[in-house]
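A.B. asks: Below, each chain spelled out in residue letters.
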Amino acid sequence: MNDLSTSSQITYRAVPIRPGAIRRIRGLSDQALAWLFITPTIVLLLAINIFPLVWTIYLSFTNYRANRPNAPTLWLGTDWYQSILTDPDIWAAMQVTAHFVVWTVLIETVLGFGLAFLIDKKFRGHGLWTTIILLPMMLSPAVVGNFWTFLYQPQIGLFNYVVAFFTGRGASSFQMLGDVTLSPWAIVIVDAWMWTPYVMLICLAGLRSIPDYIYEAAEVDRASNWRQFWSITLPMALPFIMLAVLFRGIENFKMFDMVNLLTGGGPGSTTEVASITLKRAAFESWRTGYSSAFAIILFVTVFGLANIYVKALNRVKSR
Amino acid sequence: MSASNAAHSVVEPSTGTRRFAGLLVVLYAIITMVPLIWIVLTSFKSPDDAISYPPKVLFKPSLEGYCNVFTTRSRQTQEFIQTLGPPQGLCDNIARSRNMVVAGPSNYVPRFINSLIIAFGSTVLAVALGTLSAYGFSRFRVPLKDDLLFFILSTRMMPPIAVAIPIYLMYRTVGLSDTRLGMILLYTSVNVSLAVWLLKGFIDEIPREYEEAAMIDGYTRFQAFVKVVLPQATTGIAATAIFCLIFAWNEYAFAVLLTSGNAQTAPPFIPIIIGEGGQDWPAVAAGTTIFLVPIVVFTVLLRKHLLRGITFGAVRK
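From first to last, the protein sequence lines are chains A and B. Going by this note's numbering, the residue at position 204 of the first sequence is 204; the numbering climbs one at a time, nothing skipped. Going by this note's numbering, the residue at position 28 of the second sequence is 347; the numbering climbs one at a time, nothing skipped.
Each hint should be verified, as a subset may be incorrect.
Said to hold, decoys possible - In silico lysine to any residue, SDA-like type, Cα no more than 25 Å apart, as pairs: (1) B/623 to A/138; (2) A/122 to B/351; (3) B/464 to A/138; (4) A/121 to A/222; (5) B/464 to A/216; (6) A/317 to B/496; (7) B/464 to A/309; (8) B/546 to A/33; (9) B/623 to A/126; (10) B/623 to A/124; (11) A/317 to B/467; (12) B/546 to B/529; (13) A/121 to B/341; (14) B/375 to A/163; (15) A/122 to B/345; (16) A/317 to B/529; (17) B/375 to A/111; (18) A/121 to B/333; (19) A/311 to B/464; (20) A/317 to A/111; (21) A/311 to B/345; (22) A/317 to B/351; (23) A/311 to B/476; (24) A/317 to B/333; (25) A/122 to A/102; (26) B/464 to A/43; (27) A/122 to B/380; (28) A/122 to A/47; (29) A/122 to B/615; (30) B/375 to A/193; (31) B/375 to A/155.
Claimed, not checked - If you want the footprint, here are the derived chain A segments under chain B, 3+ residues with CB under 8 Å: (32) 42 to 49; (33) 238 to 251; (34) 310 to 319.
If you are wondering where the hints come from, they were derived from the structure by calculation, not from laboratory data. No residue lacks a Cβ here, since even glycine has one placed at the ideal position from N, Cα and C.
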C-alpha cells in the first residue's frame with residue numbers, strides 16, 4: 001500500500017548544508033537525531049503489534065487455552081490449520097463475510113460515486129450538504145449499531161413503520177434482525193448508510209482532480225455528455241474509486257462491531273462473519289490455539305488480497 | 320444530467336443541471352439524517368412516547384432519558400415516598416412520579432470519564448510520537464524508509480480480534496488488563512500509524528529552506544525543529560490530533576473485548592443501559608446523544624482535512 005502514497009515516492013536525502021554553516025551546527029548529528037525520533041514509534045509498534053503477532057503465530061501451533069494458563073502446553077504443529085481449512089463451518093463463515101464485502105462495497109461505490117458526481121456540479125450550498133452527509137462515518141460503530149437496533153424494532157421501530165407505510169405490509173409482520181433472509185440485509189443497509197459518505201469523499205477528490213481543459217477539448221470535439229462521462233470522467237476517477245474500494249474492502253473483511261451489536265451473528269449463523277466466529281472461539285470457548293490459527297489465516301488472506309489489488313491499482317494509475 | 324447549453328462553459332454546469340443535482344443530494348442528506356434526528360428526538364421522549372405505535376413525531380419533551388442515564392433509581396412504595404422531604408432537583412422529581420427515588424449516580428459518568436482519559440491520553444502520546452517520527456522520515460535518510468513506513472501502515476490491516484487475543488494474554492501477564500494505561504498504550508499504537516503518515520505529508524510541505532536558514536543563524540537541528548518546523552506544522556498537528564481523538568473516542572472492538580469494569584469506555588456501555596422492564600430507549604438515546612455531540616463539533620472543525628485523514632494522507636484535496 002506504500003505505493004499509493006504520493007509522498008513516499010519522493011526520496012529525500014539529508015539536507016545539504018552550506019559549507020560555511022557546518023562549523024556552527026552543534027548538538028546531535030542528523031543520523032543520531034533521526035533514530036532518536038523514529039525509535040520510540042518503532043518500539044511501541046514492536047511491543048503492541050509485532051510481539052503479539054509473533055505470539056499469535058506461536059500459539060497457533062499449540063493447544064494453549066487462555067482460561068487454563070497452568071495446563072501444560074502441547075505443540076501440535078499445523079493441526080489447527082488443517083482442521084480450520086477443512087471445516088465446512090469456517091467456509092460458511094468466509095462465504096458470509098464475502099457476501100457482506102461484495103454487497104456493501106458495491107452499494108457504497110455506486111451510491112458514493114453518484115453522490116460525488118452530483119456534488120461536483122457545485123450547486124448552491126454544496127459545502128454545507130457535503131458536511132451533513134459526512135456525519136454518519138464519523139460516528140462510533142457502537143452508537144450506530146445501537147440506534148439502528150432501535151430503528152429495527154418490529155413493534156416500535158421507525159424503519160418498520162416507514163416500510164409498512166410505503167408497502168402496506170404490517171409493521172410487525174417482519175423482523176429485520178430476527179429473520180434469516182432479512183438480517184444480512186439489515187447489516188448491509190447500516191454499513192451502506194454509515195460508509196457511503198467515505199466513498200463519496202474519495203470519489204469527489206478524484207472528480208476534482210480532473211483538469212478542466214480536458215472537458216474543454218472534448219467540447220471542441222463535440223463529444224456528447226454521455227461520451228465525456230465514459231471517456232473522461234470515469235477513467236480519470238477510476239484510481240480514486242479503486243482506492244475507496246480497497247479501503248472499504250479491507251475494513252469490511254474485518255467487520256466486527258456492527259454485526260456484534262446488531263445481530264451477534266444470528267439468527268442461527270446467517271450473519272456470522274469471520275470476525276464473529278473468531279471472537280466466539282477466542283473469548284467464549286477460549287480455544288486460544290485454534291483461534292490464533294484462524295486469526296493468522298484471516299490476516300494472510302486480507303494481506304494477500306490487498307497486495308494483489310494494489311498491484312492492479314498501480315497498473316491503472318500508471319496508464 | 321441535462322444537456323449542457325453550448326453558450327455555457329463545459330466546466331460550469333447549467334443552472335438546471337445544478338438545481339437537479341442539488342435536489343438529489345439534499346434528498347439523500349435528509350434521508351441519511353433521519354436516523355440521527357430520530358435518536359436525538361427519542362432522547363427527549365418519555366418512555367411511553369418512545370415505544371408508541373405509530374411512532375410519535377410530536378410529543379411532550381421530557382428529560383427522563385437524561386436523568387435515567389445519569390442516575391440509578393430504586394423503586395419505593397407510595398407510603399415511603401410520602402415520608403420523604405421535598406424532591407431534590409429535577410431528576411428526583413421525575414423519579415418520584417414513577418414511584419422511585421434517586422439512589423445515586425449511574426455508571427455512565429465513570430465510563431464517560433474513562434473515554435475522555437483514554438482518548439486524550441492516547442491522542443497526546445500518538446501525536447507526540449507521530450510528530451517526531453514524521454519529521455525523522457520526512458527530513459533524514461533512514462535505512463529501509465519505505466519498508467518501515469509500509470510496516471507502520473500494515474499494522475492497521477490486522478483484524479482487531481486477531482490482535483486482541485495475544486494482547487489480552489500479554490496484558491494479563493504484566494498487569495495491564497482492564498487498566499486505563501493499557502488502553503491508552505493500545506490506542507496509541509493503533510493511532511500512531513495514522514499520525515506518522517498524516518504528519519509526514521504535512522511536514523513534507525514545509526520548505527526545508529526554513530530550517531537551513533535557522534541553522535545558519537546558529538540553531539542546532541533540534542532547535543530548528545522546535546522553533547521553526549513545529550510552529551509551521553500546527554494546523555497539521557491539530558488535524559491529526561482530532562483524527563486520533565475521534566478514533567479513540569469511537570473505538571468499540573478492543574473496548575468490548577479487553578475492558579470489563581475498571582477501564583471500560585462509553586461505547587461498550589451504552590448498549591447495555593437497561594431500565595426496569597426491558598430496554599429503556601430514551602436513556603439509551605440520551606447516552607448516545609451526549610456521546611455524539613463532540614463528534615459533530617469535530618466533524619465541522621475537520622471538514623477541510625477529512626479526506627487526508629481518512630485515507631492516511633494517500634489522497635489529498
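A.B. asks: List, from low to high, the hint numbers that the structure doesn't satisfy.
C.D. replies: Hints 3, 5, 6, 16, 17, 21, 22, 24, 25, 27, 28 and 34 are the ones this structure does not satisfy, whereas the remaining hints hold.
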